[in-house]
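Visitor: Chain residues, written in single-letter form:
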Amino acid sequence: MLSLNARVNGRPVSLPVDARTSLLDLIREHLGLGGTKKGCDHGQCGACTVHVDDQRVLSCLTLAAKVEDRDVTTIEGLSDGKSLHPMQKAFVDNDALQCGYCTPGQIMAAVACVKEGNAKSEDSIREYMSGNICRCGAYVGIVAAIQEAAPKMRQD
Amino acid sequence: MRSFSYVRPESPQDAIRAFTAAGAGARYVAGGTTLFDLMKLGVERPAHLIDVTAIRGLDSVRTDGDTLRFEALATMSAVASNPQIMRDYPVLSESLSLAASQQIRNMATVGGNLLQRTRCMYFRNGAGSSSTVGVYPCNKREPGSGCAAIGGLDRGQAVLGQSEACTAVSPGDWPVALTAMNASIELLGPAGARTVPIADLYLLPASTPQQEFSIKPGEMITAITVPKTTAGRASTYLKIRDRESYAFALASAAVALDLDGDRVQRAHVALGGVATRPWRAQQAETVLVGQKLTPELALAAGQTAMKGARAGSVNAYKIELGAQTVANALTTAFTRRGR
Amino acid sequence: MTQPFAPLERVDAHDKVLGRTQFAADVRFPNMLYAMLVAAPIAKGHVVALDTGPAYKVRDVVRVLTASDFPPPSASSGQAPPLPTIVNDISYVGQPVALVVAKTLEAAIEGAEAIRPSYRTEPFISAMSNPAAKRVPASPKTVGDAEDALKSAAVVVDATYQTPSQHHNPIELFATTAVWADGQLTIYDCTQAATMSKLAVAGSLGLDPNKVEVKSDYVGGGFGQKGAPKTQTALVARAAMLTGHPVKLVTPRGQIFHLAPYRPQTQQRIRLGSDSSGKMTCLAYDVVQENVPGGIFGVANYHEAVPRLYGITSYLGTGSDIYIDRQAPGNMRGTQTLCACFAMESAVDELAYKLGRDPLELRLANDTTTDVLSGHPLSGRYLAQCLNEGARRFGWNRRTPAPGSMRLPDGTLVGWGLACGIFHANMGASEATLRVGADGTTRLVTGGHEMGQGIRTAIANTILHDLDVDPSKLEIVIGDTTAGPQPITSGQWGTASVVPVTAKAVSQLKAAYDQRAAGRQFGGNLHARLARLNCPYLEVSVTQLAPGQDPSALNVMRNGGLAVAGPAYPQATAMSYIAHFVEIQIEPGTRRIRMPRAVSIADVGCVVSPRTATSQMYGGVVWGFGSALREGTEVDPRYAGYLNADLADYVVAVNADIGKIDVGFVGDPDQEANSVGVKDMGELVMTGTSAAIANAVYHATGKRQRKLPIRIDDVL
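Sequence order for the protein chains is A, B and C. Sequential numbering of the first sequence, starting at 4, is according to this note's numbering. Sequential numbering of the second sequence, starting at -15, is according to this note's numbering. Sequential numbering of the third sequence, starting at 293, is according to this note's numbering.
A couple of the hints might just be wrong.
Once the Cα atoms are required to be at most 25 Å apart in a straight line, the calculated DSS-like pairs of lysine-lysine come out as [to be verified]: (1) C:Lys952 x A:Lys92; (2) A:Lys123 x C:Lys952; (3) A:Lys118 x A:Lys155; (4) C:Lys952 x A:Lys155; (5) A:Lys92 x C:Lys765.
For the record, the hints were derived by calculation from the structure and aren't laboratory data.
Take the sequences, apply the hints, and build the full model.
Guide: Take a look at the structure:
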């Protein structure tokens, strides 16, 4: 077992981890944050997207041990809990979801997509959101939501 | 997955020492996007992981001087979005931005990407992990067990460079672009530093498909250098996939053109998705030199690039697709002349 | 219900964007154990030895379950047949042979991988192309003499179409968490049929069904995959009983490919005859599909829909199962009708070209109001309106008919195609309890499952449409057997079943209030008015049958059985309809196939939840795109397992694949279908899409595509 020290959603965490544990399983099974989803466990669906030091990554292909001394943000840490993040609000307003299973990953990817500057056109959004599969097929709403949220995020 | 030890050395020397001390079953890991995946599949079973990402000062991108220099731990996304590379070497930036997804590009490094392993379905399946079902022989995964892809489902398999033992496609995009652009790879190992041309990094499968790279035990990639050339501006990476994004290539082409007006002075052509290693197409380059680039010439170069290709049961389309991919890439590169 | 429904916000959207919605894999309990399956790598044979020792050597492994840990299957309890648990006779690749339970997920995985049973293998048949495979014909469906009519038809299209095996691949993995406490099993399971799942577990484990409850509050995408009870539910339940700890299993996707039902491969022959004026007269449709003995996915359903598309007078529907050694195929979005519509609507396009007629005009000219199978009228049929509205939005009149005639300046080939879809409007027997409190709360309990289709939102709209209650304190309880029976939600009868019963409950609750109020008028919403009446709450319980349905259906439903009626109701046959228009572009040289735009217009009767219905329409087009141009599961016949058993090699649509999609609804509530006139849409939205796309590819290239998926290799 390794000892891990990191910050998750702004709070310090310190716990022993198996070297084999993925960041995804750490978040879900050890930290009890169920919003981040396992859809493939092999880097093929994007449902497990979280931010590490403000960069979007796949938590299923990240060894938990790698986030030593780093900042992890999950869907639970995106807004303060009282109000929605502009991207979350835009997902609701554009019905950019159906079953909701891929949604946390979509939103974490979408927020990063805007911050990276990759949400400047419809085509760019589509390309830079292609790492997140939505099997319900909510892509039309997802693109619309990002277009709506991007200017609001830039104002914040 | 079995347990393994895990260390995070902070210097290349410490990493090499850790590797040597660990003995058999040691592996370096950087982004981990390939290795951790293959560990879950049971294809890779390291006993010791030496995480090199805590090494500081090994992630810079240098564009001054006569060569471009990419240190191994620069992420794919960082290099892909480097404004100078985007402007002067679109073939390089596109080969990165068309690979995987932004999440993976934020994790994966340009050094580690060179060592990505094949996506052959028979290689990935059948190692007995919980992630997969079934038993499939594969000489690359288990030397001597046979190649199930030969005589099997071969739509994705190579048509160039394959052997009786293996038809697995080399999966990368960035290595194809680097191959076209005459890159060199800087290595550091227990016996010191050395530099190899990228052409020497990748081995043909022949009778030993398990040996994919010419890297020696304990060696790590520290940097990639690319000689600067004006051909970089008239360049592109074209990747044809089964969907518009987030997929491996059925066929891809990295091309760059040195032009005198409409005439090609020097050409760089390499292919991906169709061959068992990043495939430099020197004969196609020869076809182009001294000629005015027309659609007909572009297609002739593409067809030359695929000369000698051999198809299996259903992958003959790759021969035509490879030629057309080179042709379209040449046309795109040509339109970028004089930018 | 005369006012149209407002496009209310999806009721669970807020929780979903916050990541708060709890799926079966998200539950956690103290001292919970983790499980992992061991899957057989052989298609047929027997486990001759299974040494659990290596697994027990793995630190933190607690228990290994094998065949001897399960009781022999008992007689059927209720309507659901008991599922086999772990048995040593192997009949498909991926069949579970052991379940390893450990204190950590990592240990469970390592333990499962340490088990290497030895097998005695037997010869197997892995594909329907194998000439040794047994072929079992189904009884034909006959109206008139189609063979004879084909002989005298002026024009006949005779063509064979092929569709591949496909897998649902919802992003949610198969997840089961079981808790055994005080002689009671509580199972958190991702299922579209909680009661069926409960009874299957009880049957498999020999338990009193009253001691088993299943909770499936939210399903992370179903599409038919989670309809039939899963083997793993009973295995995890047994593990919880044997260990005395809560046990969770989240099955890896590679295994799910081999365990879950899938859309079977088909070969379909259409013979469609018309007179010289283009009037379709006769249709002979033969389908051959892969199946397993006793498989639930029957041939008969291929003949439910296509005979009802046009005004033919004779029909011959035939078909056969070809038995293979694989897991059982099952319902996948669009079901048999999806494949049938691909064949039929491609053939109609071929007929249009043979006749030199416009494919839109030919379809409109062959519209009908009679169900050829029953002789009854087709109720609420607005297919022509779908076609006309779609054509208008798409700009169909700008199409030039000759294949290859609509190129872009750069040489890109452009093809415009259209096709119709159709699906039966079934309805299930249902019951509901509605309580409105003076404290501001409203609670509705009924039977159904939320898989993203928006059933909760449709129920909420039904309540809020007619009842002035506080939407923020409206609780809709479905998917939970502790609250009431939860019949299977599939076959697009979910909303059509719960909305009428909800409407009935609303109406009775209003009547109950009126009786209490006795003419007194109060201000405020219903909660406030109840307070004024000093009435703490009003509660009504109602049941609802489909038109003409026997009242015994209610008990069938309560016992986990299929209690579904339609589409042939006593007065009329109720179908839902859709028309798809797509533009396909094929780039020069490298020939990538793209779909820059699509228009889909549907007639689903009453649209109870416009917002979620619109999203379903988008989803149907995306699914249709994937089904026609991307998806196919590949089996190497020498091994019988699926090779592209992941989301990298089983290619589903990504965001960059999808262009502009315009969707809309036409028509009116269909009162022959049910009291609210809702005909539902989950399956319908996809039917016809693949033919529209294939027809557009033909229009672009002049090369007819009769095999799916259509990929670069097919158009180079």
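Visitor: Next step is simple, just say for each hint if it's right about the structure.
Guide: Consistency of the hints with the structure:
For the hint pairing C:Lys952 with A:Lys92, the CA-to-CA distance comes to about 23 Å; that is within 25 Å, so the pair holds. Distance hint between A:Lys123 and C:Lys952 is fulfilled; the C-alpha atoms sit about 18 Å from each other, no more than 25 Å. Taking the CA atoms of A:Lys118 and A:Lys155, the gap is about 12 Å. The hint holds against a cut of 25 Å. At roughly 24 Å between alpha-carbon atoms, C:Lys952 and A:Lys155 fall within 25 Å of each other, so this suggested pair holds.
Taking the CA atoms of A:Lys92 and C:Lys765, the gap is near 20 Å; set against the 25 Å cutoff, the hint holds.
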